[in-house]
Structure formats: C-alpha cells, structure tokens
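Protein chains: 2
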Amino acid sequence: MKPQRPILDWSNLRNWTNPAHQSIMAERLIIIGGVAAGMSAAAKARRMNPALEIVVYEKSGHISYGACGFPYFIKGDVTRLEDLIARTPAQMAAQGVMAHVCHEVMAIDPAQRTVRVMDHENGRLFTDHWDKLIITTGASVNRPPIPGANLPGVFTLRTVEDALAIQRWLVEEKPKHGVIVGAGYIGLEMAEALQAHGLAVTLVEMADQVLPGLDADMAALVQVELQAHGVQICLQQPVKSFVGPTLVREVVREVAAMVQGDGGENGRLRIHEVLTPGSILAADMVVFGVGGRPNVTLAQAAGIHLGQTGAIAVDEYQRTNLPNVWAAGAAAESKHLILNKPIYWPLAAPANKQGRVAGTNAAGGQAKSGMVAGTAVVKVFDLAVAVTGLTEKQAQAAGLNAASVTIEASSRAHYMPGQSPIHLKLVYEQETERVLGAQMVGKDGIAKRIDIIAAALHANWTIHELAELDLSYAPPFAPVWDPILVAANVAKKS
Amino acid sequence: MKPQRPILDWSNLRNWTNPAHQSIMAERLIIIGGVAAGMSAAAKARRMNPALEIVVYEKSGHISYGACGFPYFIKGDVTRLEDLIARTPAQMAAQGVMAHVCHEVMAIDPAQRTVRVMDHENGRLFTDHWDKLIITTGASVNRPPIPGANLPGVFTLRTVEDALAIQRWLVEEKPKHGVIVGAGYIGLEMAEALQAHGLAVTLVEMADQVLPGLDADMAALVQVELQAHGVQICLQQPVKSFVGPTLVREVVREVAAMVQGDGGENGRLRIHEVLTPGSILAADMVVFGVGGRPNVTLAQAAGIHLGQTGAIAVDEYQRTNLPNVWAAGAAAESKHLILNKPIYWPLAAPANKQGRVAGTNAAGGQAKSGMVAGTAVVKVFDLAVAVTGLTEKQAQAAGLNAASVTIEASSRAHYMPGQSPIHLKLVYEQETERVLGAQMVGKDGIAKRIDIIAAALHANWTIHELAELDLSYAPPFAPVWDPILVAANVAKKS
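Those protein sequence lines, which keep their order, are chains X and C. The numbering of the first sequence is this note's numbering, which starts it at 190 and goes up by one. The numbering of the second sequence is this note's numbering, which starts it at 190 and goes up by one.
Some hints could be false.
Heads up, the list lumps identical chains together, so a pair's fine if it works in one copy or across two of them.
Calculated pairs, DSSO-like style, for lysine-lysine (alpha carbon to alpha carbon, straight line, at most 30 Å) [unchecked claim]:
1. 568 <-> 682
2. 557 <-> 682
3. 682 <-> 264
4. 681 <-> 530
5. 557 <-> 681
6. 682 <-> 524
7. 530 <-> 632
8. 681 <-> 365
9. 524 <-> 363
10. 365 <-> 530
11. 264 <-> 681
12. 363 <-> 264
13. 429 <-> 568
14. 365 <-> 682
15. 363 <-> 682
16. 530 <-> 429
17. 568 <-> 632
18. 429 <-> 524
19. 524 <-> 248
20. 365 <-> 557
21. 632 <-> 264
FYI, nobody ran anything at the bench for these hints, they're computed from the structure.
Looking at chain X on its own, in the form it has when it is part of the complex (with noise of 0.2 Å):
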C-alpha cells in the first residue's frame, strides 16, 4: 500500500518560498518529538537543506520549551511562562518546519517508512510517509507505585502542562507544608521554589544523602545549605504511602471559608500525610523528583535496539540500528568519556548537541557527537554545586584505582569583597595520574570553573597537566593560585 499523505494546512508556509519543497520528489524528514533534541535537529536540518520537508509531531501542547527553566518559573523568577518557550509552531512554520503539537505518533512502520499518528485536538488518526525519521521521544518521569501516588496534590514536573498544575496549585491552594520526594537536582531546585513560596519544605530522599551523584563528603555541604535555609531533610526515608481525605478536605474547607471567609487555615492542615518508616508528615503537596526513564515503546515496538541502560541504541552519528533511522535526546543513550561506555544521562545540554547532530545527518550532512563528560551543576539557595566525570564513588565502582584530594580555596584573591570558599574534590586515577572528575561546591565562581576540568577530561590530562594550565586571574575574579591549580598540585604531592 502506497503511504498515504496527510492533509497538511499549506497556508502557514506563504513565508516559505523555496520552490524545491513543493515538489513531490522532496525528501520527508519526521521527527518525532519536539522539544530539545527534537526541536535542535530540526532547526538544523532545515539549516543544512532547505529542500527537505521537515515535520514534527509533539504529544503534548508545546515544543521547544526550557523544561529546566519550570522551577524559576515556579518560584517566580521568571514571570512568564511564554519566555521558557523558544519557538512556537507558528515560528517554526516560517522556517518552513511543520510543528505539530498534541499529535502523538502511536507506530512506526520501518518497511514502509510510515508513522500512525493520533492528531488529540481532532481526534483523528492518519499516516504519515517519511525518507528520514527522528526519534526524540524524551523521558517520563518516574511517578512511583506508592499507595496515593496520583492524589491531588501529588506532582511530577517535566512538562508544560505539570510547571502550570504546580503554579495553580500554589496560587489556589495556598499550601503551608510541602514535600519533596527525592533530593536530586529537580528535587533541589523544588525545594528552592517552594520555600519562595512561603512553604515549609521537607525533603524525602531514599538514600542517604542528598544529590546520590555525589560524594557523600561534597554532598554533605549541600546539606548543611539545605537546613540554614530551614529545609527539613529525611534521609534513607522511603515513602510508603500518601494519605489524602481529598474528599473530607473539601467538606472542610467549604465549611471553613464559610466560617472564616477564607480556605481555613485549620482545616486545611495536613490534607495529606507521607508516610515514611520514620515518620508521618503533614503535606498540602508533594512533588517528585525521583528521577525519569526513556520513552522507548514506540521505538522497541518498531525493532529499534535498546542498550544495556534501557535507552535507544546510537552510535556516535546518532544512528540506530535501521536505516534512515536516528535517536537522540532523553530516549537514547550517550557515551561516557571515562568510561567508553553508553550511559543514560538525560540531560538538555548533551540532548541539544544531540538532536543538531541528528538533524545534520538526516539532511544529508555528516556529524559526529561527542561523548558526555557528565557535566552538570545545580544552584542549591545561595550555593552551585557542580560535577564532571566521575566521582570518587563511581570511579571505584567503575573498578578504577581511584584517589582524590578535596581542598578549600578562595573564588576570588583572599583579600577582595565577595570571595568566598570553593570547596573542591579532584579525583584521578591513582597509577596513571589521569584527572577522572571533580565536584565543585561554592557560592561564587563554580559553574564555569568546573568546566575547565571538564575541558581536562575531554583532553585526558593527568594531574600534571591540569597544573600547568595557564588561567586568568585578577583579583575581582580568582587568586592567583586557582582553587583547580591548588588541586591538582595538592594532588602532584599525594
């Protein structure tokens, strides 16, 4: 059967005057997805071909959004929604890429290079033909079997729609006590939010520590932030159940308001309960951050191979195992500088460079993608956290002779007003002396500081190496003896 086309609204492409892309014999790229890989392959293989027809199809009702950005908006930093969102389909259209929101490709058929595609706002389902296919599905985040897990109240935060229930929910509800279950970087910056909000925050975390990617030693000065700033922590405290008499809370607050004119501060107290094995904890909402797993049914079902962590299989083009076939972002995996190997990392950065090597590669182009060096940072209140490579935990786990030497030092030259300590761990392999990772915790002069050590790892330099970097200094802006060259001679003499 000959695949039939879809019925495309052609009345949005009047800025769109390359006459290639009317002709029948136009090569279709879908991507499936439109957020960051999704959105960054597109723009770039519009960019590399402008005879291709580019179509996305997005599940939910925006693309190209910031999804990191859904905690300062929740907190009130940023006071638009609308500015977390690039590009709008409407944008997209004038580039001459068909965005499709609310439409959710149900099947691929690689034999016949089709998609099933289920349009929600029309209820109508169609196929659609593509020469190349994208496969930027994201991730779900986890909302875990626990007893009163899809209670009011009880969130997860990874798209448009969830950033909004959250927002409504502070604005309406007025909660006094929130919950945080799970002490990772959404987890953190949550925490951050919802104390803005006037909240008093508790943060629930099945390990024990907080932020489980680091060191428990650099983790712990996270912690020692988290409780000035009046955040309660519940360590090695899984959740059992939430208890939620939804159903007596709006008895009680329609008799409250009637008797205090107001959402009855008394009734509302303790709407739900966590319940860990340490304690019960009164919560007006709870919000997940417990981490996310890769959207790959659609992919697996269609015989796309998955990788040992789960994801989509890639190689360093972003090809899967079919032809005309690439993945990239939150569904697929990445490859670990250190330790050669695929790794799940859903992270924007590594998704964006991802999804613009796909792009360049589905547009005829040649790109190769880079291996993650496991680079990230968190703003925790008035401090960054930050990490590249491994720490000294997962080096060890990762069988290597792992060694570290954990300094403080100045952000700025001792003596200049605004310095304050950076507490840093550089961790290198004992034999060879190779820089294997660092963490950075400080409040001044992190983010970017790490990624000098990241830049390290990219070039396999030992400790000695690192030392003899030639860095910037003036006194408004580091010491002359960088806390990084502080490292790494500590480390020349361990």
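Based on these hints, arrange chain C on the given structure of chain X.
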C-alpha cells in the same frame, strides 16, 4: 678569598628545629627578590628540601605582596594594606626562610658563587655565598622621559610604597582631576579606583584604542563602558609634557586657605596640566600605566644571557645559561603556547608558577614550566574583559592565516534574572581550524569561561573539538548552548 658569611639573626629560628639546617655543610639557596616568583620559589624550596638554607634579599620594604590588589586598595575595596601581604619576614622565618627587606643585591659573582648585598637600613655592604641562586628581580614600571614626569603628584604603581603614596595623595590633596596615562590593565583599574574617590578621570592613550592587547572591535566595547561611567578618553595622544607649578601651587593654596579656610578649590584647579598634541588636560594627579621592563642589569652584569625580548632567557626548568642559577617571574621570559617562542609576559599567575618550578629545581627536585597561553582578565567598572591565546591582529602579525567569528550570547538562560550579554570573539586558523585564541567581554560569567578556551589552547584543539565539549548547564549559570559552543558552531559553518 673564602666568601664571608653574613651575620644572621638566628633568634628568629626558634620554631625551626630541623638539625640539618644548623650543619655547616647545608647547601645555601639565595633568592634575589621576594615578591611573587621569589616567595613562591622560597616556599616551594622549603617544602621540598628541609635541609636547604634559604635566604631572600628584597630591595623594597616588603615581601610577598599582592601587587595586583593595589588598585583595589586605592579604590577602597580593600581597607587594610596588610591584607595584600601574604607573608611577613617573621612568618617566613618561622618556616626557616630568612627574608631580608631593604636588602639590595648589587652584584652576582658566578665564579665565586657570591652576591654583594647592600643593607639599606644599616648602610652595610656585605658578601653572601650561595650554592644555588634564583633571580626574581621582577620588573620596573616605565616612567617615560617626558618633561615634568617626576613632578609631585605624578605616580607609577608597582610597590607597596607606590600604593601608599597614591592613597596619601588622594587623602591629603583631595584631587578633583585625575589623568591616567596608558589604557592597559593597570590604567583601566586605576581609572575605576580614582573615580571611586570622586575624581573626574581622563584616560590618555597613545594607541588608537583602549586595551591595545585586544582586537579593536572588542576594545570598542570596553571604551563604551568607560565612557558610560564618565571616563574621558583621549586616544592617539602621546603625552608631551606635564606642567606643574608646584611652587605656585603651595603659595596659591596657602592664600586660598587663608581666604576660604580650606584647600581652595579655585586656587587648586590645574595644579598640573597634561599637554598632548590635541589637548591641555587639567590634572591634580597623574598615574602612569604604560607597562614595565624586566630588571636585568644585575643578571646581565653577571654574564647571564638575555633573550630576544630583553628579559632573562630561561629553559623550561627556569635555568639560565649559568649552572645553579635559575630565573623566574617578571625578570624572565615565558614561552608562548601558540607562538612556541619566548615572549615577555610579566603577569602574577605565571610568575608564581615559574617561581615554584625554580624553587623545586633549586631544592634538588625536577619540575618543568608549562607554556603561557596568554590568559588574562581585567575588571573595567561593571565589565569583565578576558583574553587567551592570540588576538586576530596578533595571529596575523605572527603570519598565521587567522579567521574569527564574533557572537553575542546570554551569560545564563535568556529568561533568567542576572543574565547579560557575552561578546565572544573566537580566533582560529583557517586551514587547520585549530583554535588560536579568544576574547570575551561581558558583565557575567567571563573570567572562568575564558579559561575553558585556555584549556582548548593547551590541548591544541580545533573548533570541532571545542564544539564537542560537555559544559555545565543550569538556567542560573549558563544557556543550554554555552556561548563557547555557539561560537565554535558558528566558526564551523564559516
């Protein structure tokens, strides 16, 4: 003649208990100059070799001071000059390093392994013996031979004494008009410092741009910042003379004080005039910031070779041509990473590193100096201005077929408070596409971001390798495409 030992005050050595130190057989290291490179050498040699006798002779009245902090002391950001002094002679003595201030080495005798030392405090000339010698005589700042350049109120800035003299003039003379001669790093820092004291500041520069070490397009951004802060800029204006009726000034001031009961604003106007081809500038004080020259007379007289730059020639071990004689810091040459040849680069951070290498080697260890990438940063009011490697102009002057891209990008996610534009110029070689250098100007996230490109220079990367770096991202600290990656990607397309 057996060299005579100086009379040392061993009473300071109560905390110094290593018995080897008291042996007459212990080797003796003399370091000429006790600031950045010298004290770095002394401290490292001390740690390396507890048996070594270490003596430092410093001509000025202070050792181990952070000269780069002087503009911030004068401005008032640093209130105590003592905070700029890392270690006093007493502290060094407690570590077993005898540091003598106001002791000027007048001659080196390499055959006898002696130095002739003038103790300016006691008017005593004596001879001291060395087994190892490190020359860290630093640089002198230029005071061009212009008529009037030695008038009171005309300053240079290098030593503690200079910084105090400028501060005293500000307090006692309450100048209203300041002229800075030279728009390099010191000149711009001093413009900001004087303005903080309420002076109307004019910057006079011979070249046709501020910061002549930058490309003109980047320097233009700095000029806008200076002008926005009310600094007058006179370019292509070599100073012809200073006219200072100092005698008249005293008379006028006394008369004015009698009449007005104060220093007499009317009478004090134009105490100096600064004459350039284009203008007559009123000035109550002048600061020179026109660079410096290495202090090499002493070394040269001892038969130590200078390099092409006029500074002491050293190899990667900081060795001079004489056995057992090392040199480091602003008296010596550095080797440039890209040009792969000696340059004169008298900055504090390389001086400290080179001193450490010289100290290691003099103490019997073995260390090599890395090359300098030419990394530097300076604060100019609200801007940070950073450079690494070669500018486009420098690359072309070196015969390289240099190309460049200049981008403007956000320092953080575009929607985040505190984000501001980063102007980034990336210079690379046309054929090989290797990175040659970069310049960055902006208010946020500049100093340590330039270091990422410094690392790229050390790694000898192409723009393609630079574009693959896994850099940290979180909305409060960087955009998802870091400006460095944006520049590298734009360069790839050029």
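Checked hints:
no.: 1; hint: 568 <-> 682; verdict: neither (32 Å within a copy, 34 Å between copies)
no.: 2; hint: 557 <-> 682; verdict: between (39 Å within a copy, 15 Å between copies)
no.: 3; hint: 682 <-> 264; verdict: neither (45 Å within a copy, 39 Å between copies)
no.: 4; hint: 681 <-> 530; verdict: both (28 Å within a copy, 27 Å between copies)
no.: 5; hint: 557 <-> 681; verdict: between (35 Å within a copy, 13 Å between copies)
no.: 6; hint: 682 <-> 524; verdict: between (32 Å within a copy, 25 Å between copies)
no.: 7; hint: 530 <-> 632; verdict: neither (33 Å within a copy, 39 Å between copies)
no.: 8; hint: 681 <-> 365; verdict: neither (51 Å within a copy, 52 Å between copies)
no.: 9; hint: 524 <-> 363; verdict: neither (44 Å within a copy, 64 Å between copies)
no.: 10; hint: 365 <-> 530; verdict: neither (45 Å within a copy, 66 Å between copies)
no.: 11; hint: 264 <-> 681; verdict: neither (44 Å within a copy, 38 Å between copies)
no.: 12; hint: 363 <-> 264; verdict: within (14 Å within a copy, 48 Å between copies)
no.: 13; hint: 429 <-> 568; verdict: within (29 Å within a copy, 54 Å between copies)
no.: 14; hint: 365 <-> 682; verdict: neither (52 Å within a copy, 53 Å between copies)
no.: 15; hint: 363 <-> 682; verdict: neither (56 Å within a copy, 51 Å between copies)
no.: 16; hint: 530 <-> 429; verdict: neither (35 Å within a copy, 67 Å between copies)
no.: 17; hint: 568 <-> 632; verdict: both (9 Å within a copy, 20 Å between copies)
no.: 18; hint: 429 <-> 524; verdict: neither (35 Å within a copy, 64 Å between copies)
no.: 19; hint: 524 <-> 248; verdict: within (27 Å within a copy, 57 Å between copies)
no.: 20; hint: 365 <-> 557; verdict: neither (49 Å within a copy, 61 Å between copies)
no.: 21; hint: 632 <-> 264; verdict: both (20 Å within a copy, 24 Å between copies)
In the structure shown, a violation is registered for the earlier hints numbered 1, 3, 7, 8, 9, 10, 11, 14, 15, 16, 18, 20, in ascending order.
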